[in-house]
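Participant: Below, each chain spelled out in residue letters.
2 protein chains.
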Amino acid sequence: MASTLSLAPRKRQHILTIAGSDSGGGAGIQADLKTIEAFGCYGSSVLTGLTAQNTKGVQAVHEVPTDFVIKQFRSVLSDEPPACIKLGMLTNASIIRALAAELKDLDTINVLDPVMISTSGHTLLPEDAIEALKDLYPSIDYFTPNIPEAIRLSGFSPKSSSSSDLTLREMVTLAKETNIKTGAFTVLLKGGHASVSREEVLAYKGQFPILWEEGDEESDAIEVLSLYKKYTQIPEHQKGLVVDILVNQGEIQAMYVGKKVDSKNTHGTGCTLSTAIACAYATESREGPGDWNFRMFKRAISYTQSAIASSFPFGQGHGPLNHGHLSVKRALPPPTKHNPHPFLSHLIQSNLPLWNSYVKHPFVVQLGKGTLPRECFEHYIKQDYHYLKHYARAHALGAYKANSFVDIKAFTDIAGHIARESEMHVSYCESFGISLKELEAAPEASPCAAYARYVIDIGTQGDILDLYMAVASCLVGYGEVGLWLKSQVEKGEAKLEGNLYKRWMEDYSGADFLRAVERGIENLERRVAEDPPNEARLARLTAIWHECVRLESAFWDMGLNLIK
Amino acid sequence: MASTLSLAPRKRQHILTIAGSDSGGGAGIQADLKTIEAFGCYGSSVLTGLTAQNTKGVQAVHEVPTDFVIKQFRSVLSDEPPACIKLGMLTNASIIRALAAELKDLDTINVLDPVMISTSGHTLLPEDAIEALKDLYPSIDYFTPNIPEAIRLSGFSPKSSSSSDLTLREMVTLAKETNIKTGAFTVLLKGGHASVSREEVLAYKGQFPILWEEGDEESDAIEVLSLYKKYTQIPEHQKGLVVDILVNQGEIQAMYVGKKVDSKNTHGTGCTLSTAIACAYATESREGPGDWNFRMFKRAISYTQSAIASSFPFGQGHGPLNHGHLSVKRALPPPTKHNPHPFLSHLIQSNLPLWNSYVKHPFVVQLGKGTLPRECFEHYIKQDYHYLKHYARAHALGAYKANSFVDIKAFTDIAGHIARESEMHVSYCESFGISLKELEAAPEASPCAAYARYVIDIGTQGDILDLYMAVASCLVGYGEVGLWLKSQVEKGEAKLEGNLYKRWMEDYSGADFLRAVERGIENLERRVAEDPPNEARLARLTAIWHECVRLESAFWDMGLNLIK
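Which chain is which? The protein sequence lines are A and B, in order. So that you can map any letter, position 57 of the first sequence is 57 in the UniProt record's numbering, and since no number is skipped, the others follow by simple counting. So that you can map any letter, position 163 of the second sequence is 163 in the UniProt record's numbering, and since no number is skipped, the others follow by simple counting.
Please keep in mind that the hints were generated in silico from the structure rather than gathered at the bench. Any given hint could turn out to be false.
Stated by the list, open to error - Capping the alpha-carbon separation at 30 Å, the derived lysine-lysine pairs in DSSO-like fashion look like this:
| no. | chain 1 | residue 1 | chain 2 | residue 2 |
| --- | --- | --- | --- | --- |
| 1 | B | Lys260 | A | Lys337 |
| 2 | A | Lys205 | B | Lys337 |
| 3 | A | Lys260 | B | Lys486 |
All chains, please: the whole structure from these sequences, using the hints.
Facilitator: Following this line, the structure appears as structure tokens:
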């Protein structure tokens with residue numbers, strides 16, 4: 001609780017995509033930019049060609065002049081270097097050669113997805129352009145062809161003419177050949193066109209890591225989950241798995257095995273995966289167990305698979321992926337210098353009349369003017385003694401609910417502070433002729449019990465943030481009352497001199513108390529910024545706030561109307 | 001808890017942007033697509049022109065042929081109708097006229113941002129194109145010029161030649177004139193170029209809604225928040241506020257007032273706001289208090305302001321906005337048919353050796369083979385009686401923590417079921433010659449106490465999801481043990497006939513128990529899908545799971561090694 005809220009904006013990793021535009025939004029730079037957003041990176045883009053395209057197919061292509069492609073590239077590169085560059089549809093030989101010349105002298109990390117044929121079957125790269133790719137390969141760090149592309153680029157001939165009939169053994173050769181023939185540093189052969197059996201995969205066990213979708217100890221299937229059941233229900237020799245093969249310097253590094261996602265919404269899968277690799281490269285932690293390179297590919301593959309599996313209906317043909325499936329909306333903006341208190345602002349604004357009925361209650365107004373009947377104040381102050389006790393208990397409960405010594409210390413400090421303050425409360429009451437014995441003997445009035453016990457109950461029922469919420473309105477509200485009364489005094493609407501309640505007013509607008517209020521607000525904002533609530537959670541927290549504000553108001557009513 | 005998890009993907013609202021490309025990624029369709037993602041909508045795009053552009057300026061423009069613009073437009077429109085169309089940079093008169101002809105016969109909702117000059121001062125729309133806009137206005141529902149654009153389009157002459165010196169009175173006239181002259185249905189005059197005083201705004205009080213950034217009762221400033229303090233510290237007559245004016249049919253509908261965000265990262269603000277309006281139009285609930293139209297503009301304006309306020313360092317000039325500021329990453333993908341149990345899969349996979357050490361514990365293996373010493377089983381079953389009692393209490397605690405009768409019923413049902421089951425447990429123990437008296441008298445062994453009291457403590461310390469987590473591994477794990485032993489029997493690795501523990505094995509692989517396991521898993525997945533945890537929350541939940549799995553394993557150890 002000691003650290004203060006950092007308002008410095010977190011820099012995002014810059015990913016540049018060099019590719020075509022898909023007007024339908026499912027592939028090309030549109031898919032790339034959506035993927036980059038999903039990974040929390042910043043996307044820029046160099047357009048190589050435009051398509052008039054929808055989920056049914058490509059209707060027309062507009063090529064971007066080579067010199068304009070290079071102008072875009074230089075514009076981006078001269079301003080902010082990218083953490084990773086993804087290259088997709090490059091349209092023609094001229095553009096490829098020009099980009100190869102640019103990349104040759106740069107030490108950027110480059111991912112190439114050789115977009116040669118669209119999902120709908122449209123040829124996107126002419127023969128001479130495929131030849132020109134040879135200029136580009138030396139600059140490519142990660143190369144992601146699918147089976148037909150790899151066959152075309154490696155010259156390898158499988159037995160069957162159909163990609164879907166390739167054996168895993170053939171795919172392994174194909175992956176190695178593609179790596180060797182192209183000279184691209186690392187190749188991920190995407191196996192989605194083929195279908196492989198468990199038996200074929202297990203034949204490679206022990207030779208290199210095999211990363212299974214269901215966890216890496218594939219032999220230990222988990223019976224209670226249908227995901228695993230589905231695997232075990234497939235006989236070992238039956239085809240049905242998708243295998244992606246990672247090769248570096250002609251050696252297989254790893255295999256990624258999963259079951260095929262059953263969906264017609266696969267438009268833009270290649271664009272998405274290659275961009276996901278670029279983003280995963282830029283963001284994957286280099287620490288942690290195992291090889292981060294393996295983790296990075298696994299993350300990119302999993303992201304793409306879930307994006308297909310969670311896709312929604314769109315268009316009449318092969319629909320797009322659900323790029324935003326990993327994002328949830330936070331219900332509040334992050335704190336900024338412009339608005340450092342988005343949470344408390346929301347709470348107060350969410351019902352301003354209710355808030356005002358508390359902090360500008362007639363009890364407060366009369367207290368400020370000095371016209372509040374003494375017996376009303378005395379009734380209030382006696383009950384406040386009970387409330388204080390429960391308020392201290394609530395903070396002790398917070399210490400019980402804490403998970404760290406920092407939090408335990410913070411909560412017990414407050415509980416202890418309230419306990420010590422109680423002595424001041426007693427001596428203050430004595431100045432009104434109310435003894436400690438009287439304070440202890442006064443029965444708890446129902447508005448006091450309702451409020452105090454509500455706070456304790458919320459604290460017991462919910463988690464530590466619920467408890468924070470339940471104790472907040474008292475602290476913040478009394479700070480507001482103190483400051484507001486002070487401003488009323490300045491306006492001549494309230495008075496200190498000759499006011500029976502002068503000391504009370506001074507206490508709640510004093511530096512000590514306001515520092516506690518500030519600390520309380522800071523803690524609240526920090527907790528919420530670190531663990532941003534979604535709509536549902538914010539609604540629950542707001543409901544607790546409203547109830548406490550209502551109960552605070554009823555507490556003043558109790559004083560004013562001498563309610564027992 | 002009764003409802004089952006819906007795996008149907010939620011359709012996203014389709015927003016089409018017709019605009020230019022900004023290679024730097026901060027404006028144009030790049031800003032639009034990022035905004036559309038942030039609002040949870042689906043973005044498609046028709047490109048009208050490309051720029052070689054970065055944060056420092058526009059270096060070159062490539063115009064897209066008019067017929068290719070229309071090909072893109074028709075491709076998108078013929079496949080999936082958009083909920084809203086946003087028009088930005090339209091490049092030239094020919095494109096504008098062609099689009100106007102297309103839109104004339106459609107009843108789409110169209111937002112136009114007249115991109116005439118870039119933030120960096122580059123002219124983006126020639127004179128004849130401005131003239132051609134007249135063809136487009138009749139199709140425009142929402143029109144969002146800034147002050148210089150509105151002056152150019154309305155022909156209105158303010159006293160001062162500088163936009164920043166406009167009075168609010170002049171802005172009001174300008175907004176009305178722009179609405180009347182263009183004929184666009186609704187105009188939002190963006191006041192960002194000017195600076196207005198509080199006094200000027202208050203002069204319009206009562207004439208139409210004034211929507212203040214800090215809440216709609218502007219006179220009731222809130223003292224404890226510096227956001228409000230900053231407003232009140234600005235003397236009424238001092239300029240410093242930004243006012244956006246909403247006009248319809250020549251009548252002012254509302255004013256949006258906020259304080260200027262202090263940032264040089266404003267590149268793409270206009271693109272972002274107009275797209276945010278399109279998204280807010282498509283997603284804002286038509287229900288709820290007040291006019292949804294006012295709420296929709298407020299949401300779009302607030303989004304854009306926070307995107308500026310939370311912007312991060314990028315490039316050397318005017319950097320981009322932080323379009324993703326409202327998104328947080330969920331740590332797990334949503335449940336899909338492909339993977340209906342992402343949460344439990346994660347929990348089990350997060351430490352598969354630990355999980356296996358529990359469900360395939362030597363105690364379990366020996367039990368399945370019938371070789372487990374009877375005294376070990378008897379020790380285990382006695383302690384299990386204690387554990388069951390606490391397990392029932394934990395579910396009763398769940399009912400205490402619940403917020404709805406549905407949850408209270410679900411938890412008490414389970415607690416009651418366990419209490420009834422205890423009778424079976426007693427009679428089962430009797431078959432081993434262990435009396436109820438013996439069961440009750442057996443001291444709680446430390447592994448039993450450690451586990452049972454951990455579950456109760458987590459339940460008391462945390463919220464209801466923490467409690468769910470703490471009771472999950474027992475339920476799921478015993479289901480796994482039951483199913484695994486059954487599969488072992490099928491493989492001849494375990495036996496039922498002549499096994500002293502046959503009934504125990506049959507109970508935990510029986511339909512009754514497995515239904516309870518399935519229900520438990522479903523509830524867990526549903527809760528987590530409805531309230532997706534972020535990384536930090538998932539880590540906390542995973543830690544509870546691991547601890548419980550470890551304690552389960554220690555519970556078998558206790559049996560096997562007769563630990564007291």
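Participant: Run every hint past the structure and note whether it holds.
Facilitator: Verification of the hints:
A distance of roughly 12 Å separates the Cα atoms of B:Lys260 and A:Lys337; the hinted pair therefore holds under the 30 Å criterion. At most 30 Å may separate the alpha-carbon atoms for a hinted pair to count; A:Lys205 and B:Lys337 meet this at roughly 29 Å. For the suggested pair A:Lys260 and B:Lys486, the alpha carbons sit about 29 Å apart, so the restraint of at most 30 Å is met.
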